[in-house]
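*Asks:* Put the two chains together into one complex; each comes in its own frame, and the hints tell you how they fit.
In order, the protein sequence lines correspond to chains A and B.
Those letters in the first sequence? Residues 1 to 420, by this note's numbering.
Those letters in the second sequence? Residues 1001 to 1481, by this note's numbering.
Treat the hints with caution; some may be incorrect.
Simulated pairs of lysine-lysine, DSSO-like, Cα-Cα distance not exceeding 27 Å [to be verified]:
hint	chain 1	residue 1	chain 2	residue 2
1	A	270	B	1385
2	B	1414	A	154
3	B	1125	A	270
4	A	7	B	1385
5	B	1385	A	6
6	B	1390	A	7
No wet-lab data here; the hints were simulated from the structure.
The structure displayed is predicted, hence computed values, not measured ones.
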Amino acid sequence: MNSPLKKIYDVVIVGGGPAGLAAALGARKSGAGDILIIDREVEAGGILNQCIHSGFGLHYFKEELTGPEYAERFIQNIRSDNVDLLTDSYVIDISPALQLEIISGHYGYLSLQAKAVVLAMGCRERTRGAIRTPGFRPAGVMTAGLAQKMVNMKGLLPGRRIAILGSGDIGLIMARRLVLEGCDVVGVYELSPYSSGLTRNVVQCLDDFNIPLHLSATVAFIHGRDRVERLTIAPVDAQLTPDLGQSWDVDCDTLLLSIGLIPENELSTKLRLHMDPATGGPQVSSTLETSLPGVFACGNVLHVHDIVDFVSEESLRAGQFAAELAIGMRRPSDNIALHAGANIASCVPHSLSPDREQIIYLRVKKPMLNCILTIGDRYEKKFRKLIPAEMIRITLAPEVLDHYFGDNLKIDVRPQEVAE
Amino acid sequence: MYDVIIIGGGVVGCALARELSRYNLQLALLEKEVEVGFGTSKTNSGIIHAGHHSPPGTLKSKFEWAGNQMWGDLVKDLKFGFRRTGELLIAQQPEDLQFLDDLKKQGESKGVIGLEIWEPKRLQKEEPNLSHKILRALHAPTAAVINPYEACFGLIESARQNGVELFCSCPVLSIKQNKDGFSIRTPQQNFQSRIILNVAGVFADQVAAMVNADNFKISPRKGEEYMLDRRLQGIVTHLIFPTPSATSKGVLIIPTVDGPIMVGPTADDVNNREDFSTSFAGASKIFASVRKYCPAISERETITEFAGLRAVADTNDFIIEASSVSGFYNIAGIQSPGLTAAPAIATYVTEMLRADGLTLEEKSIWRADIDGPPRFSRMTAAERKAAILKDPAYGRIVCRCESVTEAEVLYAIKHGARTLDGVKFRVRAGMGRCQGGFCTTRIMDILSQTLGIPLTEITKRGQGSEVCIPRHDNISAGDGV
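Extracted from the complex, chain B is given alone in its bound form (with noise of 0.2 Å):
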């Protein structure tokens, strides 16, 4: 009998469980895919907003600008990539200036700090490669970029430190309510909790409907990212926004927290909740919205793209509520700036708990920090050589690309990645311009020597997505070959 069972382990899912985690509670995360932070958390564009964007009387202007602050003191204590960039909103047209205005005044009704107009004399000093057409921006220094799914990671490994249980590759497929509270019934086991947290992302209405606490729908909506080769790198310092239209924040330029830039997303919205794929048009919109404010920016110099799912909520707002099913609450339509407001979710969601009747005592002994990856590739050269001295596998680079060594590799899997994403995503190998073409078999081998598994059951990201196949395995010993 757990106290709360949290549904989906995306970002949101995951800074719940290390919420929770500090007071004495039986906990389980339960996550459809084979590691946390595989869905929506994974596939976005690693942004903590600066606090500004989303109008009052929101529940994302609510948690937007508090998030923000929260992640700071987050990244001390959990060791995922972060960098305070700063953002530059740009205006290219003489009507987007009104609009600078507008949205520096609602940052500063907020609360949000270093506001500030930039004339194009400033803005091309602090940013020579953008187009000199831009006539004004609005700089906001407490914009910062992350890397999304080592926060999941980091937050996750923090939870379960504290004693939260994870369960992955672990679906929901229905929900019972009975005297006790839930039942909950997945592939690998039946679950029993008082209370459950619906946080299942673009997938939150299908699960609310099992308890008929479904009053939402949730429309998933696509965003295209493509990643840029290194050559690249340093090109913008700052977060780039164009002035929104109605319908979008625009194509954005990110200089991602390991350097390489990132331009998109698109924002189409989809029918399929699982529709991961890229397009022809999302390319072609892409770069030629950003060649107008970054000229020098080609698609030639892509090494990889992809695409998420943004969970929009038919409210258009957040969703954070106990639903009409006592003890079932609904964390749902997280969509932008989703990311941002995370932690400060996390403890507005632990408040209503405790409004609702939970006692939450805390614990005595409860760690704040983890340990954190080791990341050869921004130690010193003394660190290194000390690195090496104490461990020779720091010694042996897997990934050339990216020259993550072989300790880091082990790390990785000891700290839960199962699969070739679950490595790439922790340390970075196989994310670097060569994608894999010439690390992928030295890490499958890595895998397999320490999860003790044939290669033939390496995947990618979980069962279905096998990297290859035995040779020779459909030739059965009758065939008298």
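If we strip away everything but chain A, and leave its shape as in the complex, we get (with noise of 0.2 Å):
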């Protein structure tokens, strides 16, 4: 079949999840002319299709939206922007000069140009493998995410007696999606001290239905040739090691991983684009654009977002980036560096400049209550209380910005009685 795409396009944007489909229409508010949206999927949205749970657009939308419904927004908004969607399609290379090879199952092997690519390929989610969980190897392991893809989509149960390993987002929303499809969730275990999701779906998800939480606690051993029939729990010391001596079994015939996501940096890494090994994504500066000029990233290929309200803001952002430089508008240079200090995770961009109000994405290592953060000498903010499990967002206006006129940023999180 002959393909209706251009040869050309101002931006093309590889992934139609949240991140693209907001990059898109970021890309179209800035003036770019053709724009291309590449999904491997057969529908875009993305994640957020399989995501029927509400909590979704409270920031973005000022209301609370299931994950097909936020998705649903953008999709009507790329239609009457007149951007070109082609989906079941998967890009395999891009060119340093931005040449794309794309395999399409519409179209077959398609070559385009683009001026401005932007990454949004999302994330995946760890595996056993990941963390080698020992003991046999049968059904019924599998990632949080694809339990919810069967569950929600496909109409089918993963099994009747779920275990849960590790807290993350996904694995807390299927815990109370699997009670309410009538099924036993026996537990969530979690190796750290605490929850490494956020707090609103511990309450929502586990205390409201009473899951018990067992923090500092792994699975140690999977048993069953066939069906996974029983589990090991071993609670884990301060180094994370296991004690066999104090474990415990459980019969269940599942067991659900929610250990954390990667960023799909395939393409990325193909590209030899600087890479940040906190985040697992792109090194940026601070218009989202990576090492190699004209390719930006946004959403959860840069960082793992824990709302997607932020990798829509942040994806717009990108998009706008793009289409400025694909157009051939002026770009910032960045006359500042940014570094992760004291307890701090990750930090994206990994560079700023003063031309205009900046956002920093920020993740903390370590659970810290009343602390103080710090960027350079010129900027603090007092909170309460910080988790991992909760991205901190932060704008810096251009007057501050000045003063730091070709420095090298630190930001530290500190307790408050010592930043005094």
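*Replies:* Below you can see the structure in the form of structure tokens.
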């Protein structure tokens, strides 16, 4: 079949999830001409399509939506904004000159040229192999996201008695979902001494349904040749080593894993982008441009977010910046380097410009009560509580940034007493 | 009435089936698992040994070098994953150096070609990521890596193409000797055969005991393996062997056919013949060991791990013989280098049957090769374009991590895949870094549509390993919901 696609696009966006959709709208807003979104699935919307619970959009739309509703708002705008959407298609290669090679379920093998590319491939879930859980390899061990897809999109249940390893948000959401489907959820086991999911999810998905959350505990052995039959759970010490002497067994037929998310950066690595080991995503400038000129990144491929509203905000900006580059506008040159300091796990972007207001997203390494966050010597903000699960969003005004011109800026989070 | 029934569809059973299919015989292979190769053959290191390891005078030695030379021809016909990487056996201690020299002599005495001692300079040039503390290495260019499950699928497909009947999910429950040979009872049906070849791997002594032909014992010895992320691909290009200890060949670094690095195996005697479990101890042992000669390898790169069981006979050698029961043959205790030896064992057993009076009359038409599965990920851009034009299913990528297309999944099912693992081990869908997180439901859909079975009957690897259950299946009409 002949492809209705153009040969050259101003902005090509890889990924049609929340990040890619918002990037397209941003690109349109900033005046890009031809815009194309490429997505692997048969429908755009990404993981939102399987997130049928509500709680999306509270920041961005100031109302509570389900995942598919949230996605649909963007998809409608994409349609009215005349953005080309190529689904069931897979970008296999991007050249440094921004030529894309695509395998399409609709049009076969395609090549096209972009003036700017936005990477919005999202992330994948960590698997059992990543944590080397000992035991057998039966059916019934799967990531929480796969279980979510089975239940919400295929009308199937992963099992009857469910245990969940890891307290990531998808695991917490699935704990509640499976209780509502009539399953027994026997417990959630978290290696850390604190939950890795949002507090609101711990409350609404576990506490409200009397599902026990076992902190500092892990699965030490998976029993069952064909299908999961039993788990051995062990408490872990401060070095996270399981204490098998104090282990106990739990009967169940399913083990869901919610043990973290990994940005899907296979294309980025092929492009040899400079990566940030702390986020697992590319290093980006204040305009969310990677180390390869013309290639931008946003959403979970850049760093794993916990709420989609921030993904949309960030991606809208990435799309705007990509469009500005594509239509030949001058881009600000960054002259402030940003570094993670005390108790900071990661921060994005990696450099700043005083040209406009800057948004910084960051995460702490460890939970901290009554702390103070400082950026250089001219910005500080007090927090009652910071936890790794909740991303912090900071805006810096150009007036503040002017003072930092040429600096190496460090972000620190310290207890308030010490910071005085 | 069959002439020969092979019990066990591991690599040796499959090689036997193909070898015997050259002749006018009624042949069947009975496999207890849902597909061939799903036991020890699927869960090993995937190595074709160079030929010099086994000490002379053993059956292992007899078939190791012979088998090595046969795989090169088999791959042309059967198109499984195979690459001659060569092997480096490294000396880390001064006392290891003598072993290298001895092994070189042993290999040369058996006719193994190309053996060469490499000094550190050569070693560092060829394998810059190995520890610079390694004193010397023995290079054996004849060693290869193989996808053993693909070899099983290829062998059995060729055998079936030439008339062998395959019965999977068909465990042998009992065997009775009668005047025409043997009556074999299975849950599916009863079989009559003049000759039985017992190739039942870790269960071979139990099968032999059914006719009191068990003059040996098999004890399972477990090996754990850890597969690493593609990021580490190319960190070594040869198979890396440490100098072995008294009990084990040690932990190897294996550059697998498809690229990812695998490290393993452990060697632990276990009691349970189905103990495929991995352990904390196994992981720490493997990574502690490997770090010594390749410091860049870290357990953090693991994407999956598995364990397999070697069938170790109490004779500590292969057992390949006519048993005390006429017509019942034991091919047992085929542990390392069993995979290497398999094709040589198959021809040897065939000649043994001929010598014992079985009429082997070559078929007028015997096809040696199979079409072989398509491999989109290995095609050039031009080949991909052509493939998609011919069949649009090549344009639909199902497994994003390993670039596997719908066309390949359909091919796998057409050629016998019935389970998620069956698809995975034929075409690699689900074998990559996301471990099926994204593609599982899509493959389930394709299996369900192609086989005409509901999604709830799709299994990981046979009955009992169903992947999901129907919604509300526990609510009956009488519940008044």
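*Asks:* Is the hinted pair residue 1414 of chain B and residue 154 of chain A satisfied, with a Cα-Cα distance of at most 27 Å?
*Replies:* 24 Å, holds
*Asks:* If you draw a straight line from the CA of residue 1125 of chain B to the CA of residue 270 of chain A, is it 27 Å or shorter?
*Replies:* The hint holds at about 25 Å.
*Asks:* Within 27 Å, alpha carbon to alpha carbon, are residue 1385 of chain B and residue 6 of chain A?
*Replies:* Measuring from Cα to Cα gives roughly 19 Å; hence the hint holds.
*Asks:* Going straight from one Cα to the other, do residue 1390 of chain B and residue 7 of chain A come out at no more than 27 Å?
*Replies:* Roughly 24 Å separates the two Cα atoms, so the pair holds.
*Asks:* Can you confirm whether the C-alpha distance between residue 270 of chain A and residue 1385 of chain B stays at or below 27 Å?
*Replies:* 22 Å, holds
*Asks:* For the pair supplied as a hint, residue 7 of chain A and residue 1385 of chain B, confirm whether the alpha-carbon distance does not exceed 27 Å.
*Replies:* Holds, at about 17 Å.
Checked against the numbered hints above, the structure breaks none of them.
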